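**Student:** Line by line, the protein sequences give chains A and B.
Under this note's numbering, the first residue of the first sequence is numbered 1, with each subsequent residue one higher.
Under this note's numbering, the first residue of the second sequence is numbered 1, with each subsequent residue one higher.
Be careful, since some hints might not be right.
[What the hints assert, rightly or not] Examples of chain A residues lying across from chain B (beta carbon under 8 Å, computed):
1. Ala-9
2. Gln-11
3. Asp-14
4. Phe-15
5. Ala-26
6. Ala-29
7. Val-96
8. Val-99
9. Cys-108
10. Met-113
11. Phe-116
12. Asp-132
No lab work stands behind these hints: they were computed from the structure.
Bear in mind that the values here come from a model prediction, so they are computed numbers and not experimental data.
Backbone N, C-alpha and C fix where the C-beta goes; we use that ideal spot for every residue, glycine too.
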Amino acid sequence: MSWLTPHIATQIVDFGSAMLLVTCFAIVAQRRLSACVDLFALQSLFLAMTAALVAFFTDTRHIYIAAALTVVVKVVVIPRLLKGVIERLNVTRELVMKVNVPASLLICGALVMIAFFITEPIMPFGHLLTRDSLAIALAIVLIGFFTMISRQKAVTQLIAFLMMENGLFLGATAATYGMPLIVELGVFFDVLVAALIAGIYTNRLQDAFDSVDTTRLNELKA
Amino acid sequence: MIPDQPIAQAIALILAQAVVLLCVSPAIVGLINKVKARLQCRQGAGILQPYADLKKLFRKQPVLSTTTTWIFTATPYIVFASTVTAGLLIPVFASQMPLNFAGNIIAFVYLLALGRFFLILAGLDSGSSFGGMGSSREAIVASLTEPAMIMAIFAIALTAGSTNLSTIVHRTALLEGIATDPSAHLMALSAVFIVVLAETGRVPVDNPATHLELTMIHEAMVLEYSGRYLALLEWASAIKLLVFLTLIANVFAPWGIATSFTPMALSVGLAVYLIKVAGLALLIGTIECMFAKLRLFRVTDLLGVAFILALLGLLFFYMLRG
């Protein structure tokens with residue numbers, strides 16, 4: 001593999017990270033809930049691919065396991081769970097938004113710039129393999145956070161939360177070549193349980209208010 | 001950049017490129033329609049159907065409304081000429097075209113904008129309310145695509161270090177003298193792809209198959225045209241589609257294009273070019289079957305994504321250089 005210089009490897013990993021960022025923007029611009037779930041599954045697939053590439057280039061075995069778990073949990077199980085939740089609901093799309101789509105996109109673009117400016121001083125100290133993956137990971141976390149704040153439907157907020165988790169996983173893989181396997185297993189379990197709880201919570205919300213708009217929870221305040 | 005070449009060879013190359021653009025473009029439209037028909041479990045018209053349509057239209061006598069002025073009759077010729085000229089600025093099967101001194105990628109974008117400007121005027125000129133509606137919508141879409149297109153193009157021009165299309169394609173094909181950055185490339189490519197769908201009036205933005213007056217954009221503007229004028233406009237829009245597909249194929253993945261002028265390299269370049277363009281046509285046909293047309297006020301969301309991605313492409317370039 002003489003062609004596989006560290007420079008080429010960096011570019012391939014960066015390309016994978018960029019794919020994740022592109023799907024982030026697609027999720028922000030997408031109003032249909034089921035399409036959001038599909039895009040999240042796609043993003044997780046890109047994440048698994050990027051992680052597997054990092055594992056391949058750095059010859060770190062346990063990242064392969066993490067990548068395989070990503071496929072199982074985030075590409076298959078969680079999207080199915082969410083699809084089931086959406087089927088029970090009477091809404092298929094995000095209708096009212098606190099921030100409309102073009103403005104959200106511009107804000108997310110600004111968040112990416114902020115992420116780049118924050119990580120810029122750190123980059124020279126990082127490993128060669130992960131040039132801008134760290135910045136992209138931070139950008140994905142920020143975008144997920146913003147989407148959680150700006151959307152009102154519980155399902156979208158859950159997807160945004162999972163998107164944040166994807167960003168964190170990418171950051172961990174990119175910056176430190178993955179956390180210890182036991183930590184990663186714990187994180188996967190947590191994410192799965194969080195998705196389950198949020199799914200149940202969404203269903204309860206639907207039963208109680210006949211809507212999954214989380215702003216309705218304000219009515220509980222006396 | 002361009003090696004000295006005999007004037008006869010230069011002229012032959014330009015003519016060959018013009019012939020390829022003029023002859024292949026209706027087949028691409030036919031191919032997209034065929035793919036759509038097959039995916040919808042229909043037999044569909046043959047790939048060569050657009051040629052027959054053009055032939056029929058050229059024979060028919062045009063009918064002009066009494067309210068129209070010279071703009072209405074001049075527009076088909078202006079649109080056709082500006083589209084073909086833009087097509088000649090972009091390398092099709094050989095990376096170094098002799099005409100590359102004539103204009104860069106900015107000239108390319110604004111030649112197409114010139115054609116659209118006259119088309120908008122002609123839509124208003126016919127005096128029908130549908131024409132006016134189509135013109136107004138086209139202007140909205142154009143004002144949204146242009147920033148995204150220009151940003152994406154600058155991202156590419158910066159990585160190649162030149163705004164000249166031939167230079168960009170040649171350097172990328174040989175992987176020399178360019179700052180290869182796949183992330184910036186990917187962002188710009190996604191942006192340009194969305195822009196191409198909007199600019200050529202394909203499905204998420206406009207539906208080329210519909211004649212439902214309330215939703216159409218391009219079809220509404222050319223509603224009053226008939227005979228040879230309509231044929232010219234239809235042909236020009238087919239060429240515009242092919243030119244944009246060429247832009248995607250050759251600027252973002254130029255590998256396989258002829259970098260020298262030997263007959264062997266040229267024929268391989270032509271074959272690879274046709275395969276690439278046919279592949280993109282298959283993709284567009286599939287997209288048209290999978291997605292519904294967006295409501296007009298949702299088009300801003302889609303083109304907003306294109307703009308942000310193009311902007312990030314530029315940003316990545318500066319971040320990674322800085």
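**Student:** None of the hints should be skipped; say for each whether it holds.
**Tutor:** Okay, the hints, checked on the actual structure:
1. Ala-9: Violated - the Cβ of Ala-9(A) stays beyond 8 Å from chain B, reaching only about 12 Å at its closest.
2. Gln-11: With a minimum Cβ separation of about 5 Å from chain B (threshold 8 Å), the hint on Gln-11(A) holds.
3. Asp-14: Because about 5 Å separates Asp-14(A) from the closest Cβ in chain B, which is inside the 8 Å limit, the hint holds.
4. Phe-15: holds (4 Å)
5. Ala-26: Holds: closest Cβ of chain B sits about 7 Å from Ala-26(A), inside 8 Å.
6. Ala-29: holds (5 Å)
7. Val-96: violated (15 Å)
8. Val-99: violated (12 Å)
9. Cys-108: holds (7 Å)
10. Met-113: holds (6 Å)
11. Phe-116: Check passed: Cβ of Phe-116(A) comes within 5 Å of chain B, closer than 8 Å.
12. Asp-132: holds (6 Å)
Consistency note: the structure conflicts with the earlier hints numbered 1, 7 and 8.
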